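*Asks:* Model the placement of chain R on the given structure of chain D, informed by the hints.
These protein sequences, in sequence, are chains D and R.
The working numbering applies: residue 1 is where the first sequence begins, and numbers increase by one.
The working numbering applies: residue 425 is where the second sequence begins, and numbers increase by one.
Because the hints were derived from the structure by calculation, they are not lab data.
Predicted model only: the values in this text are computed from it and were never measured.
Worth double-checking, as some hints may not be accurate.
Stated by the list, open to error - Calculated from the model, a selection of chain D residues having no Cβ within reach of chain R, i.e. all distances over 12 Å:
no., residue
1, 70
2, 167
3, 250
4, 278
5, 343
6, 384
7, 411
What the hints assert, rightly or not - Derived Cβ-Cβ restraints for the label pairs, each shown as a range:
no., chain 1, residue 1, chain 2, residue 2, range
8, R, 783, D, 422, 37 to 47 Å
9, D, 384, R, 652, 47 to 57 Å
10, R, 847, D, 313, 13 to 23 Å
11, R, 664, D, 206, 23 to 33 Å
12, R, 664, D, 153, 50 to 60 Å
13, R, 848, D, 284, 35 to 45 Å
14, D, 210, R, 836, 51 to 61 Å
15, R, 600, D, 206, 49 to 59 Å
Said to hold, decoys possible - Derived DSBU-like pairs: lysine-lysine, alpha-carbon spacing no greater than 30 Å straight-line:
no., chain 1, residue 1, chain 2, residue 2
16, D, 57, R, 651
17, D, 129, R, 647
18, D, 176, R, 600
19, D, 223, R, 652
20, R, 671, D, 228
21, R, 600, D, 225
22, D, 227, R, 688
23, D, 227, R, 651
24, D, 310, R, 553
25, D, 228, R, 481
26, D, 391, R, 651
27, R, 547, D, 311
28, R, 766, R, 671
29, D, 247, R, 553
30, D, 208, D, 412
31, D, 227, R, 647
Cβ atoms here follow ideal geometry from the backbone N, Cα and C, with glycine treated the same way.
Each chain is listed here by its residues.
2 protein chains.
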Amino acid sequence: MTSTDEKWLEKKISRRNMLKITGASAAGAAVFASGMGPVAKAFGFDIFEDDLTAANKISFYGKHQSGIVTEAPAHVYFASLNVLVQSQSELQELFKLWTPLAVRLMNGEQLEELSHGGFTPPKDTGEAKGLDAANLTLTFGAGPSLFDNNKLGLSSKRPDELKDLPHFPKDQIEEKYAGGDLCIQACADDPQVAFHAVRNLVRAASGKVSLKWTQTGFTSTPKAKNKKETPRNLFAFKDGTVNPSPKSASDMKEVVWVQPNDSKSWMVNGSYLVVRRIQMHLETWDRTSLQGQEATFGRHRDSGAPIGSKKEFDEVDLDAKDDSGNPHIPANSHMALARKVKDRIMRRGFSYSSGLIDDTGAYDAGLLFISFQKNPDQFINIQNALGRADKLNEYITHRGSGVFACFPGIQKGSYIGEKLFNIL
Amino acid sequence: MTSTDEKWLEKKISRRNMLKITGASAAGAAVFASGMGPVAKAFGFDIFEDDLTAANKISFYGKHQSGIVTEAPAHVYFASLNVLVQSQSELQELFKLWTPLAVRLMNGEQLEELSHGGFTPPKDTGEAKGLDAANLTLTFGAGPSLFDNNKLGLSSKRPDELKDLPHFPKDQIEEKYAGGDLCIQACADDPQVAFHAVRNLVRAASGKVSLKWTQTGFTSTPKAKNKKETPRNLFAFKDGTVNPSPKSASDMKEVVWVQPNDSKSWMVNGSYLVVRRIQMHLETWDRTSLQGQEATFGRHRDSGAPIGSKKEFDEVDLDAKDDSGNPHIPANSHMALARKVKDRIMRRGFSYSSGLIDDTGAYDAGLLFISFQKNPDQFINIQNALGRADKLNEYITHRGSGVFACFPGIQKGSYIGEKLFNIL
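Chain D extracted, bound-state conformation (with noise of 0.2 Å):
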C-alpha cells in the first residue's frame, strides 16, 4: 500500500478501525486480489474487519453466518426483497458492495464519519450514531424466484430442496407478506439498531433491490435468578423449549447445517430460513379456558410442562394417560401431533404487534416464525403433520411466508454468496 493511499484512507476510515491497518493490508491485498477492491472502494472504503473491541459485537466472519444459531436478541427486523439487478455478475457486485457494510454495521460502527457542509446525501442515514453494536446479526439467504430468473443464469445452482413451501391447510397467505428474491434478518438488543442496518444495506443497493415486504418483532426473555427463560408467545405458552442446542455440534449437523452431499455444494455449512408471519387471533384465545389453551398446545401455561407433568423440560410422555383413562397430552394438541415426525428445526420466534387489521379491527399480532433446518423437508414434514387436526389452527392464521437459501459463512477477503457463484 503507497504513503497516499495510507493518507486517503486515514480520512475515509473510523480512528477505531485505524489501529488496525497494518493487520488488515494483508486482508486487502487477498481483497484486491479477488476483484473486491474496486466496488468497496466505490462506497468509500476498503478495510473491513470484524473489531473485536466492540460492545456488544457478533462476529461477522466465520464458518456460519451470523443470527442463525446466535442466541436471538430482543428485536428483528425481518426484510424480503427483490432484486432489479441484470445479470449474474451485477448480483455478484450487490453481495461484494454489501460485504464491507455489513461488517461494519456489526462492528457499530457509522458506514462514514460525516464531514459537515456536505452537498451529497451522508452515506450513513445516522440513527444509530452513538448506540453500539447491540449485538446485531445480520442473516442473508436467496429465495427460490432468484434461481427462476433467466437474467442471472443461475438455474443449475438451484438446490432442488429450495421451491416455494406448498399450501397448508387453513393457510391464507397473501401475496404482500410471501416469498421474494432475497432476505436479510436483521437482529439486535435495539429495533433502531436492526431497522438502520437493513435500511442502509437496503440504500447502499439503491436500483439493485427493491423492498418485497418486511416485517419486525420482538422476544422478551424472563430471567429467574440470574437464569435466562424461554420467552413466552402472545399466547402466554413458552417457545422454544424443543430447541436443538447451539452448544452440541452433533445437533446443529444434524439439524441446522447443510453437510456434504445434503444439498448443492455451495451451501455447505449454510441453512435454509423458513418464516411464517402467522396472525394468533387473540380476541378469541382469550375467550378460551385455561383447560382449552393448555389442550391446545398440550402443554401447561405456566410451567411450560408437558400436561401432567411439572417441569418445562420434563420427559414428554405421549401415552400417559389420567385416572379416568384419558391421555394427559390430547392426541390433536400441537406438541402431540409435531411430535408424531421425527424431524426437528431451530426455531427463532419473534412475536409481533402491528397495530390493528383495518376491516376487522382485530389486533394485527401474532408470531414472526423463523425456524432454520439444513432442508425446508423438516418444517413441510411437521408443517403437514400438524395438518387439519392441529387444535391451533382454531386460534392462528398463516398470512405470509418465505423460505430462503442462507449461504455458507463468510471468510475474511471473501463476499456474501461468494460460493454461489464459484461452486457447483
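*Replies:* Here is chain R on its own, set in the frame of chain D:
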C-alpha cells in the same frame, strides 16, 4: 375486615402483597366507602397498592398521572379506543374496573395467579409472566368525542380547548389513525409489557370499549460516558433537545400541568396529550445532501447544535450570519419557524417502523409524535407557525391525529378520572 374476608384474600392475592394486608386494609376501607369495592371485587381482588419493592416500578398513584413527565422508556403501545357504554355510571364503572388492574400491571404483577385446570379463561393473558414491571406507565385520557356522546351526559364538563385539532397545511389524516373517545398510552422498557397492559385493560373492558387505532413505537437512547444523550429520530436528528425539564417545577407549571382557572376544574393537575402519526419519507430524505438535511432542521446532524454552533445545548441565535451575510439558520427551517412562537410543549417522540405501505412499497415508518401541554393551543400555535413554509414538509406527512384530556393523578382510594364525574 373479618377473618373470613382475610382467608378469601389470602387465596386471591400474590404473596408479595400479602405482606401489606394490614396497611392495605385501611385503604380497603376507604375504597369500600367510596363505593368501589363491589366492582373491583367482581374482578377477584380488592387490594391494590403500589408495590414499592417491585423491580423497575413507577408509581401509579400521585398528584399527576405517570407517563407524562416520566422519563420516556424505550417502547410505547399507544391505543385509541371508542366507548360502547350506554351511560355515565357505566363509564364510571369502567374506570373503577381499570384502576386496580392498572396498579397491578404497573407493579409487574399478574392480574391473577393461575390455578391449573381452570374451566374459565385465565384473567391475565399471561405473556408478561416472569417479566418485571419494566418501568411501565399507563396514561389515560378522554377525547373530544367522549363529550359529544349524549348518552354519557358529559357535555357540560367539556373543556373549551378540547376539540379535534384543526386541519394543518399538508395534513393527510386517515380515519383509521384518527380520534378516539379514550386513549391509553402504555410506555415500558419492554414492548411485550406495554402490549400486555393495553391488551388486558381492553379485554377486561370487553363490551365496554373497542379499539379504534393503535401504534407501537420505540426510542433508542445513546449513552456516552454513562450519560444519556438525546435520542435520534429516523432522520438521524436529535429529538427533544428543547424539552422543558421535568425537574423544573416552574417549567412544568408553565408548560405541562393544568393550573386552577386554566381549564375545567376537573383537569387541574392533568395535561393534554396530542398524538400525531407522522410518516417520514425516508427514501426522499436519504437522497438529500447533508447540507440540505441540516438546513431543513436548522441544526447540525451529528452534534445536534444549532447551525453555526458547536454543541447541542448552545443558545440558538436566529440572527447569526455567516461571512456572506446569510443567516446560519435558514428562516424556513423547522427550528426557526417553531421558535417564532413563544409556546412550549413537552415532547415524547417515538419512532415507528410498521412494514411497508401497500401501494407504494415505501417504508411505513416515521415518528409517533406525542406531546403534553396544559392547553392543546400550545401545540396548535407551533404547528400553525410551521405552516406551509416548513422545509420539513417535503419529507413528512401527518397521517394520524388525536387529542386527549389526560386526567389528574389518582389518589389511593379514588379511581381513574374520578374528578371528571365529581368536579365541575
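*Asks:* Of all the hints given earlier, name the ones this structure violates by number, lowest first.
*Replies:* Violated: hints 10, 15, 20, 21, 22 and 26.
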